[in-house]
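K.L.:
Here's the letter readout for the chains.
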Amino acid sequence: MNVIRESPVLEALAHTKPKWGELNGMRVAVEVGSGVDSPDLEIADLSALAKLGLKGSGAAAWLEKHGLKTPSAVYACSISDTDRSLLVRTGSAEFYIEDAPNGETVARLLDNLNFNPPDVYPVWRQDASFALRGKNSIEVLAQTCGYNFRDSKDDFIYSRVAGVSCGILKQINGDTPTFRFWLDNSYGTYLWEQLVQIVHELSGEIVGFNRFYPNAITADSNS
Amino acid sequence: MQQLAQTGVRILAGQCVSEAVAADGKQGITAAVVCALTPDGKPDSTRSQRIDCDGIAMSVGWMPQDSLINQSGGKMQYNDTVEQFVPRTLAAGVFAAGRNSGVYDLDAQLADGARAGESTAAYVAPGNASSIANRQSPIDNSPHSHPYPIFEHSHGKNFVDYDEDLKLRDFPDAVQEGFDSIELIKRYATVGMGPSQGKLANMNAVRVLAKVRGKTINETGTTTSRPFFHPVPVSHLAGRGFHPHRHTAIHHRHEKAGAVFMAAGAWLRPAYYNGSSNRSRLELIYDEVNNVRESVGMIDVGTLGKIDVCGSDAAEFIERLYTMRYANMKVGMTRYLVMCDESGVVVDDGVAARMADDRFYVTATTTGADGVYREMQRQALVWKMNVTLINNTGIFGAMNLAGPHSRKILASLTDIDVSQEAFPYLGYREGLVAGVKARLMRVGFVGELGYEIHLPANSAGHVWDAIMKAGESHGIRLFGVEAQRILRLEKGHIIIGQDTDGLTNPFEAGMEWAVKADKPFFIGQRSLKIVKTKPLTRSLVGFALPQEYHGSVPKECHLVIRDGTIVGRVTSVTFSPTLKRVIGMAYVSPDQTQLGNQFTIRIDGGQEIHAEVIRTPFYDPDNKRQTQPMQAKSEAA
Numbered sequence: 001m002n003v004i005r006e007s008p009v010l011e012a013l014a015h016t017k018p019k020w021g022e023l024n025g026m027r028v029a030v031e032v033g034s035g036v037d038s039p040d041l042e043i044a045d046l047s048a049l050a051k052l053g054l055k056g057s058g059a060a061a062w063l064e065k066h067g068l069k070t071p072s073a074v075y076a077c078s079i080s081d082t083d084r085s086l087l088v089r090t091g092s093a094e095f096y097i098e099d100a101p102n103g104e105t106v107a108r109l110l111d112n113l114n115f116n117p118p119d120v121y122p123v124w125r126q127d128a129s130f131a132l133r134g135k136n137s138i139e140v141l142a143q144t145c146g147y148n149f150r151d152s153k154d155d156f157i158y159s160r161v162a163g164v165s166c167g168i169l170k171q172i173n174g175d176t177p178t179f180r181f182w183l184d185n186s187y188g189t190y191l192w193e194q195l196v197q198i199v200h201e202l203s204g205e206i207v208g209f210n211r212f213y214p215n216a217i218t219a220d221s222n223s
Numbered sequence: 224m225q226q227l228a229q230t231g232v233r234i235l236a237g238q239c240v241s242e243a244v245a246a247d248g249k250q251g252i253t254a255a256v257v258c259a260l261t262p263d264g265k266p267d268s269t270r271s272q273r274i275d276c277d278g279i280a281m282s283v284g285w286m287p288q289d290s291l292i293n294q295s296g297g298k299m300q301y302n303d304t305v306e307q308f309v310p311r312t313l314a315a316g317v318f319a320a321g322r323n324s325g326v327y328d329l330d331a332q333l334a335d336g337a338r339a340g341e342s343t344a345a346y347v348a349p350g351n352a353s354s355i356a357n358r359q360s361p362i363d364n365s366p367h368s369h370p371y372p373i374f375e376h377s378h379g380k381n382f383v384d385y386d387e388d389l390k391l392r393d394f395p396d397a398v399q400e401g402f403d404s405i406e407l408i409k410r411y412a413t414v415g416m417g418p419s420q421g422k423l424a425n426m427n428a429v430r431v432l433a434k435v436r437g438k439t440i441n442e443t444g445t446t447t448s449r450p451f452f453h454p455v456p457v458s459h460l461a462g463r464g465f466h467p468h469r470h471t472a473i474h475h476r477h478e479k480a481g482a483v484f485m486a487a488g489a490w491l492r493p494a495y496y497n498g499s500s501n502r503s504r505l506e507l508i509y510d511e512v513n514n515v516r517e518s519v520g521m522i523d524v525g526t527l528g529k530i531d532v533c534g535s536d537a538a539e540f541i542e543r544l545y546t547m548r549y550a551n552m553k554v555g556m557t558r559y560l561v562m563c564d565e566s567g568v569v570v571d572d573g574v575a576a577r578m579a580d581d582r583f584y585v586t587a588t589t590t591g592a593d594g595v596y597r598e599m600q601r602q603a604l605v606w607k608m609n610v611t612l613i614n615n616t617g618i619f620g621a622m623n624l625a626g627p628h629s630r631k632i633l634a635s636l637t638d639i640d641v642s643q644e645a646f647p648y649l650g651y652r653e654g655l656v657a658g659v660k661a662r663l664m665r666v667g668f669v670g671e672l673g674y675e676i677h678l679p680a681n682s683a684g685h686v687w688d689a690i691m692k693a694g695e696s697h698g699i700r701l702f703g704v705e706a707q708r709i710l711r712l713e714k715g716h717i718i719i720g721q722d723t724d725g726l727t728n729p730f731e732a733g734m735e736w737a738v739k740a741d742k743p744f745f746i747g748q749r750s751l752k753i754v755k756t757k758p759l760t761r762s763l764v765g766f767a768l769p770q771e772y773h774g775s776v777p778k779e780c781h782l783v784i785r786d787g788t789i790v791g792r793v794t795s796v797t798f799s800p801t802l803k804r805v806i807g808m809a810y811v812s813p814d815q816t817q818l819g820n821q822f823t824i825r826i827d828g829g830q831e832i833h834a835e836v837i838r839t840p841f842y843d844p845d846n847k848r849q850t851q852p853m854q855a856k857s858e859a860a
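Sequences listed follow chains V and S, in order.
When we follow my numbering, the leftmost residue of the first sequence carries the number 1, and every step to the right adds one.
When we follow my numbering, the leftmost residue of the second sequence carries the number 224, and every step to the right adds one.
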């Protein structure tokens, strides 16, 4: 294992005595607890997913050139049918790309950025990235964020959660909402503690990475 | 009180709650320590008792709801009998009654209300207004509030304002810094500006300030009451309170190293390390200073602002934002940055590294980072320039490896040629450090051979560990902000916001060299051209106390006095472990700046001491430590 990256909530996760694994050079809490139960409300750290930002007036055309279809509207997002990578247009000339666990889009784009394309500038995103899922997840947002997600159809917004600026993606799978959060990693520990406290109050649990991406990461045999 | 006692409640007169004993986990309390008060109103810890309990109810006393009286033009004055403000004069047609006027007995309140009501009715009757005079309410003859609210605990926090987390200690500190009136202290310390809008804290703040200054409450006065006035609904205060704070990528390593943290904006930074050892705070700090000077140290500087400025107009953009020249910078070099506002006041500083013809990496101060980035975003739109801004403040971790051994340690971990020739002072390089892509700058805030290493935050811990491991045999030790402040002061480097204030221009701060007035444009240039034509009113100088001086050391914000008037203030001061004397910086009158000139500082207790103007840098004035690094002490031996 070549671990050279750390999640901003590594220490907090260590207290849950998880089964550890590794993804993209980062130690990952693969399973927390038994990993069998399905709590009504669950929160996980997904900071290990490969991610990249791009800014600049040439960014949209450059992404298209490399096979990514860019959303035309700001804050619109798309998920690739082929490798499940996420692409969000975070501004008129800025984008956020995040791979699914075994995706290679970010690595491919980084290779091509070595040629310094004009007016395309990489943003070495180091976000803390969390996922919150369950029917009570709306209640967590209601206690921490001024935006009303109950009636929202927006898929991606920027707002403040517990006082911290976050990108928030709402996804509905059947009746179960899932929220993804991206934030400056320096606020990661703080926001994680706030969210986990509320999740516990609502009888929810911290879960491992594989709850959101089943079998994506193999746990270390000695963890 | 008698009725209360008859129900079996113990009343401890002449005593105070000295301490709330925290329960495990600090989520509640488990006992109160109650002390008898000495005749001069201090808790006597030798006469204390512990009372087990899970809550302490606290009263801040009565405070009149006098905003409408004040706003209508009435005046209040403190009444020592009821220990509260009562109306001294009321505006025509305004009639006060009840507790606002110091009337607490129910029958007396009813009579007082009837009196005020009758007066009001008579006042509004046609033709009567001028003949209706205000009559004094029948003020109670015993106090309903304690004359003084806070009893100092030797190591407690002693909160005065729970909204704003203001402690008793903040008041003498504010007074020392010159904010010695209730109006100034309100604005400086924000007392009374929280959700309760002064209802909990204002009266006690006045009492505390009066005591600190040795004045009466009437001499101390109150703040101005401005419209509009309404109570804060409790519902506004309900719910969760959020207080976001930031950790650098190294935070947990600092904790494990015994860091004592200090707040820097929203960040927590190590002030110094090994706080749990038996050694004193100053001994620990001086050791950290000495280790940087003699061997090698590392400090986490991840809180610095870090901004990429990219695009074909990047150089021109920076030229306009900052006072020096940047368009002529070579790729691979760094240059100091000074930012002024439109009025020519110094607002931030940092370093610009030229990464490519169209790319700069710009640092900003920890507390100025957000403001600098906002200003950049605004000006990019206003000037319609082809620049792309990337805020890397949270994206990059950063560490400064400094000291005579720093080069050897870094050389063992990087693919960059770090020799003096290949990577000179003020150089900028990119490469791998411990296998991680990094940006390196040879800058020297602390005045030693040093490397600032910036790299993606998620990998900062890995690189930090690698440097510490590689540095073990070279005696590497961590140093915190306190040691850094001493090191930079020895080197004569100023800190924006400490050695400058909200009015300081570069000429006063001795930074004229950093102002290139002949550039076509930079923010503040027009104002500075006007300022330049006028005589200076103050100048920042380095000073030292005599080596044999062993008296009280001046503190920051102590005043520089000449002929009984204030001509300046101390901005930074410390004992220098390297130079073995007290050194500092102070604003003095421009005609006092000559080297060797003596000037007077008024320190605590009104004592006046003499300091001598000294050339800065105090340490290594020829900059040989950075440009011609010498051997470490252990190697030279």
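No lab work stands behind these hints, which were simulated from the structure alone.
Accuracy of the hints is not assured; some may be wrong.
Claimed, not checked - Only pairs whose alpha carbons sit at most 25 angstroms apart, straight line, appear in this in silico DSS-like list of lysine-lysine:
#1 S:Lys390 - S:Lys479
#2 S:Lys390 - V:Lys17
#3 S:Lys752 - S:Lys739
#4 S:Lys660 - V:Lys17
#5 S:Lys660 - S:Lys692
#6 S:Lys742 - S:Lys755
K.L.:
Each hint should be assessed against the structure and marked as holding or not.
P.N.:
Results of checking the hints against the structure:
1. S:Lys390 - S:Lys479: violated, 29 angstroms
2. S:Lys390 - V:Lys17: It is violated: about 39 angstroms lies between the C-alpha atoms, which goes past 25 angstroms.
3. S:Lys752 - S:Lys739: holds, 11 angstroms
4. S:Lys660 - V:Lys17: Distance of about 31 angstroms is beyond 25 angstroms: violated.
5. S:Lys660 - S:Lys692: This hinted pair holds, its Cα atoms lying about 19 angstroms apart.
6. S:Lys742 - S:Lys755: Holds, because 15 angstroms separates the two Cα atoms, which is no more than 25 angstroms.
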